[in-house]
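J.: Chain by chain, the residues run as shown.
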Amino acid sequence: MAKTIQAPLPGTFYRASAPGEPVFKSEGDAVAVGDTIGLIEVMKSFTPVVAEEAGTLVAFHVENEDAVMAGQPLYDLDA
Amino acid sequence: MGVTSIFIANRGEIAVRVIRAARELGLRTVQAVSAADGDMLAARLADAVAPVGPAHATKSYLNKEAVVRAALEAGCDAVHPGYGFLSENAEFADMVEKAGLVFIGPKPETIRQMGDKARARQEAQAAGVPTVPGTEGVVADLDTARVEAARIGYPVMIKASAGGGGRGIRVARDEAELSTLFPQASGEARAAFGDGGLYLERFIGRARHIEVQVLGDGERAVHLFERECSLQRRRQKVWEEAPAACLTNEQRLALCASAVRLAERVAYRGAGTLEYLFDDVTGEFFFIEMNTRIQVEHPVTEMVTGVDLVRAMIKIAMGEKLALRQEDIVLRGHAVEARICAEDPTADFRPSPGTVAGLALPGGFGVRFDTLLYAGYTVPPFYDSLLGKLIAHDDSRAAAIVRLDRALGELRVEGLPTTAPLHRALAADPAVLAGAVHTRWLEEWLAAAPLAAPASPVPATTA
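Protein sequences appear in the order of chains X and W. Quick note, the first sequence lines up with residues 1 to 79 if you use this note's numbering. Quick note, the second sequence lines up with residues 1 to 463 if you use this note's numbering.
None of these hints come from the bench; they were simulated from the model. Glycine included, every Cβ here is placed at the ideal spot set by N, Cα and C. Heads up, some of the hints might be wrong.
Claimed, not checked - Chain W regions said to be covered by chain X (calculated; three or more residues, Cβ under 8 Å):
#1 46-57
#2 380-387
As the list claims (entries may be wrong) - Computed list of lysine to any residue pairs in SDA-like fashion (alpha-carbon distance at most 20 Å, straight line):
#3 K107(W) x E97(W)
#4 K44(X) x M69(X)
#5 K44(X) x R350(W)
#6 K44(X) x A36(W)
#7 K44(X) x T346(W)
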């Protein structure tokens, strides 16, 4: 049963800590509570997106460096 | 050069500022807009808008090809880069000129020259402008370091030549400390960077940030006196003033004359700012770098000199010679600027984009508010947090601060927290009122007494 996790705040979504670095999570990866899924940049300040539920990351709804709004679907998790 | 139409390759409050100056010169304006900026104030005020790409700045406002293409397609003949983004990108300035457009700023070669810290330092020295005393290269050994440090003057910073971002820096207050720290630093630098090379530079513990505004036409340059921007947080200026009240008139004239010498030496064209560190204790000033563009805090200079800097830079770019003579530029009174940002000063300056539910703007004699705000506007999360600059001008520094505080009291931004409460606290602080500050003062002050959350909830504040 897939569950859609939403962006906690608006900004720019990043899948890695810096350009050229490996992504935090890929599709198909296991996710544990507390894992970092990505970063959201708000006005040049970075906030990690931290998993509150465990499962398998099924799919991302947004690409690296995409603009996201608060509440916008970020990724699907199979619990 | 026949300039009739300006492309504004920037956003926010500076885009509004440029549109206003261009319109007063009878020029058409075309505003660059990212996908997130279609309803910003500058887009509403411009004669036309031109999309330059997605919200993310690297794909829009920093995308050189997209910006030049949009300017050409919009039928513009000049580009104003504002500040930040591509304003100090020599390659962009080159591309603009090669596309047959006028770049409203210095020659690309000047941007390159002054953007390179080592070259800028050499030019400054050649123009007889003091730079931070230091060794010209790596110091071979401790004996040489002792001789050099005595010449430079204690305290000295020991810096790893392979270091950066503050890593590998030590401060020696005297020769005894140097003798202990120099070998340590060398060993550490070898371990950390694989290169034990060290150089020395004078350490200025309690420096003020002072900068001189210049205008040049490629041959002649004038100064428009100085600003003091010592109140900073995380190297970002928070509050700026003109003139710098800490200077004696002799110091002021020497400082400003040095800036003109350097600007003329590099045949500077347009508006530029030379940044200096000022040591209160010794009265010495040292050039650190030049910003080859208009600056955020330019309005305080405009208020005390009566010169419209953005208009002047456009006219110079149109090929006009500098109309001002140095003796025409006179200091009148004092101006203070508070940067109003979408940040919550009671919550560690957390960025706070959102929708402006209600807005009351300050006004009255001697008050100016350069802003991107309007009621109903949604401040996007993608760019920096500057919402506007509240500027107060009066006969004296004390009166200007009173006027700033009065204007801050009139400002109401509903729907998102701003840094206005920080500025009210600063305007009431005895050290600020006495002008007894330095570049680390604000961070120390914030650490000692963080601003409390307001006693009553701010109306209409929503997440």
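J.: Each hint: holds or not?
T.: So, going through the hints one by one against the coordinates:
1. Evaluation of the coverage hint for the region 46-57 of chain W: fulfilled, as 3 residues show C-beta separations to chain X shorter than 8 Å, against a requirement of three.
2. Remark: the region 380-387 of chain W is confirmed as covered by chain X, as 6 of its residues place a Cβ nearer than 8 Å to a Cβ of that chain, reaching the required three.
3. For the hint pairing K107(W) with E97(W), the CA-to-CA distance comes to about 9 Å; that is within 20 Å, so the pair holds.
4. About 16 Å separates the Cα atoms of K44(X) and M69(X), which keeps this hinted pair within 20 Å; it holds.
5. Simply put, K44(X) and R350(W) have alpha-carbon atoms about 11 Å apart, close enough for the 20 Å limit, and the pair holds.
6. For the hint pairing K44(X) with A36(W), the CA-to-CA distance comes to about 16 Å; that is within 20 Å, so the pair holds.
7. Distance restraint check for K44(X) and T346(W): the Cα-Cα separation of roughly 19 Å lies within the 20 Å cut-off, and the hinted pair is therefore satisfied.
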